[in-house]
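Start from the sequences, fold in the hints, and give me the full structure.
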Amino acid sequence: MASSGGAVPFWRAAGMTYVRYSNICASLVRQCLKEPYRSESLSREKVHFSVSKWVDGKPEKPVVREDSAE
Amino acid sequence: MAMASFRREGQRLSSMLYSHSINALKSGVSSQELAPVGARSISTQIVRNRMKSVKNIQKITKAMKMVAASKLRAIQTKAEKSRGLWQPFTALLGDYPSIDVKKNVIVTISSDKGLCGGINSTSVKMSKGFRKLNSGPDKEVKYVVLGEKAKAQLVRDSKKDIEISITELQKNPFNYTQVSVLADDILKNVEYDALRIVFNKFHSVVSFVPTVTTVLSPEVVERESETGGKLGDLDSYEIEGGETKAEVLQNLTEFQFACVLFNACMENACSEQGARMSAMDSSSRNAGEMLDRLTLTYNRTRQASITTELIEIISGASALTG
Numbered sequence: 008m009a010s011s012g013g014a015v016p017f018w019r020a021a022g023m024t025y026v027r028y029s030n031i032c033a034s035l036v037r038q039c040l041k042e043p044y045r046s047e048s049l050s051r052e053k054v055h056f057s058v059s060k061w062v063d064g065k066p067e068k069p070v071v072r073e074d075s076a077e
Numbered sequence: 010m011a012m013a014s015f016r017r018e019g020q021r022l023s024s025m026l027y028s029h030s031i032n033a034l035k036s037g038v039s040s041q042e043l044a045p046v047g048a049r050s051i052s053t054q055i056v057r058n059r060m061k062s063v064k065n066i067q068k069i070t071k072a073m074k075m076v077a078a079s080k081l082r083a084i085q086t087k088a089e090k091s092r093g094l095w096q097p098f099t100a101l102l103g104d105y106p107s108i109d110v111k112k113n114v115i116v117t118i119s120s121d122k123g124l125c126g127g128i129n130s131t132s133v134k135m136s137k138g139f140r141k142l143n144s145g146p147d148k149e150v151k152y153v154v155l156g157e158k159a160k161a162q163l164v165r166d167s168k169k170d171i172e173i174s175i176t177e178l179q180k181n182p183f184n185y186t187q188v189s190v191l192a193d194d195i196l197k198n199v200e201y202d203a204l205r206i207v208f209n210k211f212h213s214v215v216s217f218v219p220t221v222t223t224v225l226s227p228e229v230v231e232r233e234s235e236t237g238g239k240l241g242d243l244d245s246y247e248i249e250g251g252e253t254k255a256e257v258l259q260n261l262t263e264f265q266f267a268c269v270l271f272n273a274c275m276e277n278a279c280s281e282q283g284a285r286m287s288a289m290d291s292s293s294r295n296a297g298e299m300l301d302r303l304t305l306t307y308n309r310t311r312q313a314s315i316t317t318e319l320i321e322i323i324s325g326a327s328a329l330t331g
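Top to bottom, those sequences are chains R and A. Just so you know, we're using this note's numbering here: the first sequence kicks off at 8 and counts up by one. Just so you know, we're using this note's numbering here: the second sequence kicks off at 10 and counts up by one.
To be clear, the hints were calculated from the coordinates, so they are not data collected in a lab. Misleading hints may appear alongside valid ones.
Within a straight-line C-alpha distance of at most 30 Å, the following computed DSSO-like cross-link-like pairs (lysine-lysine) qualify [said to hold, decoys possible]:
1. A:111 x R:60
2. A:210 x A:141
3. R:60 x A:148
Since this is a predicted model, take the numbers as computed values, not measurements.
Encoded structure:
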């Protein structure tokens, strides 16, 4: 994981944040498990919320994010 | 003069109402359920209906209290374990609410559902107070709102300052992945120098304290540590791995925000369940008191009507014989 001073790690260069990178690694680890632990831990990965940006004091249409750890 | 006569009229009317409805007033029946003018007392049917509905309400609130208690137990262990996530960050990067930056973003965490006491209003009050504290020339403050209740309250007077609003957070039981995706979204869409997260910290079942934690952006951290300000001894740490300090700081602050937000969401959820428990408890107690009062009124009216019937029978009989 050491990189030459000044060069960014590959995921940062690809536009990912550290949080997203660690989430992807975590989901990879979760998929390595065997049953029954696998389904238990995959249930800890569910994501559901609805975001709506506000412009000039008015909410836009809310977008529901229902992916699993994307 | 006209006002005086109006007042006299009003007093006369109210005294008339009083004499007709002295029983009704004692039991708190609303004016639409009063017996028609001329009847001697309220019919027992009305009181019985009211007793039935109050009893149902008492059962429902008791059930809600049990549900909140069981949910609280489940979340409480999770919240206490999540405290270990951000404590190293505070030890390293510090938590300075008094830091003075240009772009403040206030993240207010609240619940989606109601009936949970006053915790949402205290969070919103605190956020508004912070906004006042941080407003000034060339300083801007924006809100990121989590939860329906805070959104409803903030929309009323701070519509222009809301940046993003997020709802439907509690559909699945809390996990770190959801909160980190949320944190990621917020970080991507909002420019900030300092993020202030306002939530209710859970101390015990009866005490929820509104608190604020501050997460700084990497530029501000760099600036503070260079000028030897509050984070002056950050440079005394060694950095492994050949990454530059700026990169490390960026990773750290992103991760710090996700962890702090996770803990804040859990604590707020605990506080919400605890507040709902105590609200439902006091509500069922009030319903019980109301039921007692209604029972007394009911018995009194029942006995009064029986007595009147007896009197009529006896006086009729004595009129016939005597």
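Tested hints:
For the hint linking residue 111 (chain A) to residue 60 (chain R), the alpha-carbon distance of about 22 Å falls within 30 Å, and the restraint holds. Proximity of residue 210 (chain A) to residue 141 (chain A) is assessed by CA-CA distance (about 22 Å); at most 30 Å being required, the pair is judged to hold. In summary, the hint linking residue 60 (chain R) to residue 148 (chain A) is supported, as the alpha carbons are separated by about 21 Å, within the 30 Å threshold.
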